[in-house]
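Position chains X, F and D relative to chain S; hints supplied.
Chains as they are written, first to last, in the working numbering: chain S, 2 to 376; chain X, 2 to 376; chain F, 2 to 391; chain D, 2 to 391.
Everything labelled a hint here was simulated from the structure, so no lab data went into it.
One or more hints might be untrue.
[Said to hold, decoys possible] Here are some chain S residues pointing at chain F (derived, C-beta under 7 Å):
| # | residue |
| --- | --- |
| 1 | K5 |
| 2 | D78 |
| 3 | G81 |
| 4 | N83 |
| 5 | R325 |
[To be verified] Just some of the chain F residues that point at chain S, by a computed CB distance under 10 Å:
| # | residue |
| --- | --- |
| 6 | S76 |
| 7 | R231 |
| 8 | K273 |
Think of the CB as a built atom: it goes at the ideal place given N, C-alpha and C, for glycine as much as any other residue.
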Amino acid sequence: MAMKNVMGIIYTGERDSYLRELTLMRAIAALPVAGRYRVIDFLVSGLVNSGVKNVGVIMQKNYHSLMDHLGSGKEWDLHGKNDGLYILPPFLTRENVGVYNGSLDALHSNSGYLRRSKQEYVLLCNSLIVFNANFSDMLETHLRSEADVTILYSKSPNLRRPEYGTYFEVNSEGIITDVEIDPTRPRYENACMEVYLLRKDLLMDLVDRGAAHGYHDINRDVFQRMIRDAGIRMAGYEYTDVCYRMDSVQSYFNFNMDVLDARVRHSLFSEEKPVYTKVRDEMPARYLEHARVVNTMVADGCIVDGNVEHSMLFRGVRIGKGARIKNCVIMQDSVIEEDVTLENCILDKQAVIKRGGKLIGPSTYPIVISKDMTI
Amino acid sequence: MAMKNVMGIIYTGERDSYLRELTLMRAIAALPVAGRYRVIDFLVSGLVNSGVKNVGVIMQKNYHSLMDHLGSGKEWDLHGKNDGLYILPPFLTRENVGVYNGSLDALHSNSGYLRRSKQEYVLLCNSLIVFNANFSDMLETHLRSEADVTILYSKSPNLRRPEYGTYFEVNSEGIITDVEIDPTRPRYENACMEVYLLRKDLLMDLVDRGAAHGYHDINRDVFQRMIRDAGIRMAGYEYTDVCYRMDSVQSYFNFNMDVLDARVRHSLFSEEKPVYTKVRDEMPARYLEHARVVNTMVADGCIVDGNVEHSMLFRGVRIGKGARIKNCVIMQDSVIEEDVTLENCILDKQAVIKRGGKLIGPSTYPIVISKDMTI
Amino acid sequence: MLKKKQCVAMLLAGGQGSRLGILTATMAKPAIPYGGKYRIIDFPLSNCTNSGIDVVGALTQYQPLELNAYIGSGSPWDLDLAHGGVYVLPPYVKGKHGEWYSGTANAIYQNVAFIEQFNPDYVLILSGDHIYKMDYNEMLAYHIERGADVTIAVREVPWEEASRFGIMNTNAENVIEEFEEKPKNPKNNKASMGVYIFTWDKLKAYLTEDAADPNSSNDFGKNIIPNMLRDQQKLFAFDFNGYWKDVGTIESLWEANMDLLNMPMPIDLYDKRWRIYGRNPGVAPHYIAPGGVAHSCLITEGCEVYGRVEHSVLFAGVTVMEGACVEDSVIMPNAVVERGAQVRRAIVAEGAVIGAGAQVGEATGNIAVIGQNVKLAAGAVVAAGEQREH
Amino acid sequence: MLKKKQCVAMLLAGGQGSRLGILTATMAKPAIPYGGKYRIIDFPLSNCTNSGIDVVGALTQYQPLELNAYIGSGSPWDLDLAHGGVYVLPPYVKGKHGEWYSGTANAIYQNVAFIEQFNPDYVLILSGDHIYKMDYNEMLAYHIERGADVTIAVREVPWEEASRFGIMNTNAENVIEEFEEKPKNPKNNKASMGVYIFTWDKLKAYLTEDAADPNSSNDFGKNIIPNMLRDQQKLFAFDFNGYWKDVGTIESLWEANMDLLNMPMPIDLYDKRWRIYGRNPGVAPHYIAPGGVAHSCLITEGCEVYGRVEHSVLFAGVTVMEGACVEDSVIMPNAVVERGAQVRRAIVAEGAVIGAGAQVGEATGNIAVIGQNVKLAAGAVVAAGEQREH
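Okay, chain S solo, but in the shape it has when bound:
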């Protein structure tokens, strides 16, 4: 069966409080990462590269920048009149001024979209894990295993958290036999990636029944209960490539620094699995006479005349002469004036550090400079 018979649904309403200022005005899915991307780009590109033609993105709060980024879906060739990218913001009707109470609520509100879509299968995803997968093998395994639901999981330590997350026991046939939710110390190394593959009619039935029982969260209230139920076959499918969970400032920072490592970079960005994003049409980065840049990624539109080491420069960043930057993530259009010293900092978009400024954070707890701030 072809992947065009699978639709993707991405729920973007994850809790984001550990990301502090970074998610004050944007969803996690819209977080800028790796110099020119947003978190959601990896998932949408992975779906498209796998052959998925219909992707619905459920918006929750804070979705302006996400909507603006995804636009018409053109960058992902998802702009057709048949299938394509569907932006699903919360329903505000004459009676209901509201926000979804959780993923199940959101799916229930969008059951019309689910019903109208012509695909038979759904890949239901969350948006806070960055990975670049091709889902075709997962689909084939799912069909072969005759499981009701197949869940993507990873043994990567990047996903393991104390007191947070879902962990499975998977038997030799790939069937999930036990589940732990938010354990103090996870007993199983298989961390749930919150990507579920199942028949659309089964999903719609689960959503209906879940809503009737007053449940809100499809992961915890439906799937995780089901794993314990007899009679429902839940299979696990292991994802063996790199993956990162964006759930705190520290994990966000570490991810960006890890991309500087060739293994991680080449795993996430390869010719076979291109990652698409909104294009800015900036000119190439320009190195001036005094530039001294090492172990750093630099996006187009940057103008660098200072010293930069082990950092990530997003599009349109300016680094003045004599500046010394180390272990920093500097988002789009930020300006670092002459003779500034920065270490272990995250600068949100359009931040300005005036001439001679100095900010040195601890590597375990980087300093965050909010969007549009001038220091």
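Chains X, F and D only, in chain S's frame:
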């Protein structure tokens, strides 16, 4: 100066209670009219035909069908990465779960979009008046008159309402000299069409000042106060072609019936001013052996085998053998089974009237059958 | 720079269609209007997009202007993609000289470099002059499953007509053992539909061999397929049972339109899961006036009917004035039938005007044709079978 | 069917660019990479879209494949429109025969029917081989204001170079009184930029006259403009003072790239209100490794720099390995400079590989060129001015 230096902003949060069931789940801007259009199509097409390349649509409640209809703006060639169609839903941030308190509030929330747009002029419009204008002459007149704001008005009786609306006195130089708001019986025949042309920086300044004073509605709280102010030059520009206000079931019904009149039809739909809308790729309408259709507009995808007189059939409507339809507006995909009699009815989308049914309303107060109803 | 694709479609849209007389004087055959709102090329293009095949090279040669403007960015068929989409491919100059496409195989041969850009495993060859709905993806699965070198779509034709077609003689497993072009005494009634799937490596090898043969007419049916049979390559027939119509003559074009008036329609154009897409004229719903009559006909948007329309197909923007009568006819976009004119068993091309009281065609006999933008004088008479170009 | 447009642009993108040597062996001149992420054709296309001119006919002839794939649906330039957009127009067969474009004027003449579809008042003629930013809309306003028959964009060139250009001799009102193609003793230094706005009716008349003249070389500069001067039509010069570079030779292409390394840049490519658009390679930001050095250079996305890059322009996906050194060079997309290789004053074309320890070019002298996909052996030496095609 070229119209590409003008941006359009359409506010779609008008009060809609007199439209009853028709606007229960959609904004007035998304009301289906004239067989295959939505109310907003006329305004967006008019802007595009005039040369406007950047159109922002401020969404309020009930905007799902409107968003779905406008999509990426492709039908209007507004899908570029530079300029294009911008959908501006209410801001829901981590703190603010909300709906705009009025047009001024909405403009204030979107001042970032206004600022980023490169056009120097703004055409600020409401979406409840149907007309098909070319705004180039209005722009030329505005520039020549050196007015601060130019307001479109019409003498059409279709816009006049007791105790509702704004009416001007305009002097021989086109300057507005007096204004009446919601008069019991309008003294002036010049009805405001709520289309304002002004410099963007002036608009932003007015919005800032209005917000600082706690105002909510830009029409009433800002422009209409300004007309009375000394020192601000408000000019009127008369629109002389047909226009209709969609503010009640009756006015909605009358508009659809009036389109059957060649003069109205040819004024709204002409080769020079095409009206674009979302395409459905239906096959042509099919008339079967017993069809008897007169004085009626029929959209693609209809299959007609009955009698239809003085009516408007939207796309995909089915009319069974022996049915007798008179003075009706029948929206998309409704099914009229055999031997049904309908007179003075509005059927919302996907309504079904079972075999032999009979519904006869008074011509002054048409019966409305809600979406998806089966009778 | 371009992304690998499993299967690339090449659409032979260069047909001059000389048997369509004056209708193809100013447009290529695939651009001919059909069914009230389509052009013939909408069918293969929609089949591609519905089958998930998203790279289409449209090979044009003769009168490509209208087709170029019609295809545009490819957006009506969702083929306006950053990674793929529809490309219009006319013959071009290589090195110091250039040559026109000399045959169907030559047209593909000249575009080998285009195909190679996508590094495909399979190439689907289509022609631009048939009306049908087909899932090429099913045919591709069939081709892959059998490990075929080429799979040819075939349909059973009435035995008495078989000698007009290219006939495939197959064994019980649908392996093609022999191919006969218009056989006098057909052994079989499986006719080629002109839809081929080739394994790209094999096709490339045979195209190269064919190009080196100065005696070849560079045609799939006459050269490539016979050569592959000669070498005992794996050729399979893929049975197709749906509606299929070649609209190569005036009569068959008229018939294909009239087919849509039958109950039930022999080809379902209402199917939401297999829409036939086309460029939309963007005009208001049509209007039937108080005195208008419309029976057993197809009428699309933008028409205005003040007269009588029976058993006919009206394209966008057609006007039938008071007292005029249109019967058993096909009236193409923006044509006008003036007061009292009578049009019977006729095809009236785009933009033609039938003057007041004129008579076009007759209730029996051959189809009369009025060419594009022809202004027929008031009271003129055009006999059955006659074609008016001026 | 198509909407009326005030002005339609026709872009002459068929240039064979033989003075660019092996760089144009497999691609048309307008498809040549420039400035780290652009192709030359991005400039006229972006100028059109930024000027609000949204119908562009791109006339291709020689090696159109890459250009076709590059232009695609036109979406990078916002020219993927339902009502207009960019159309690739190769020569096509009319009636029974066809002919290649014999000259610039002939290319337009053969596409009169294309232009007429949009019923324009004015036609803008552009060429696809210059680097410049220009608001054609201002030039159009100037043309309309003066009621000109043709307006020709001109720029002042150094007097000593004037004899290499087509020179316009104008009066004080900028009326063109005489046109001299490469005059030995120039009377003026206003050179034609090859950007013309014609009032369409006038142009059509002169194209028709020109086509009927068997002795004409069907060229704008040699035939159309002189004929209009002969008939005392209203010809105006439009002064342009910005950066303008003809990239017709290896040296000038190299220079145009090096110009971008000057401070300040002679052409502002940061201007958000006049972006130069291009097809985006869609790769990650570039990476400078711990041992990498980048000075006074332009580097774009997808590059990996382990060696030293000085005063050079690197296109997408270029790799410079450890110990390698790139100086005063232009390295086009996906080329690889292996360990220890030295590249100086060179242009390395797309996909070329410079083997370990190889030496390309010299610190002085002419520009060395390595052709597309050439794999230069380890230790090879390519002298200044040399071109390697294999």
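Against the structure, the hints come out as follows:
no., hint, verdict
1, K5, "holds (5 Å)"
2, D78, "holds (5 Å)"
3, G81, "holds (3 Å)"
4, N83, "holds (5 Å)"
5, R325, "violated (38 Å)"
6, S76, "holds (8 Å)"
7, R231, "violated (35 Å)"
8, K273, "holds (8 Å)"
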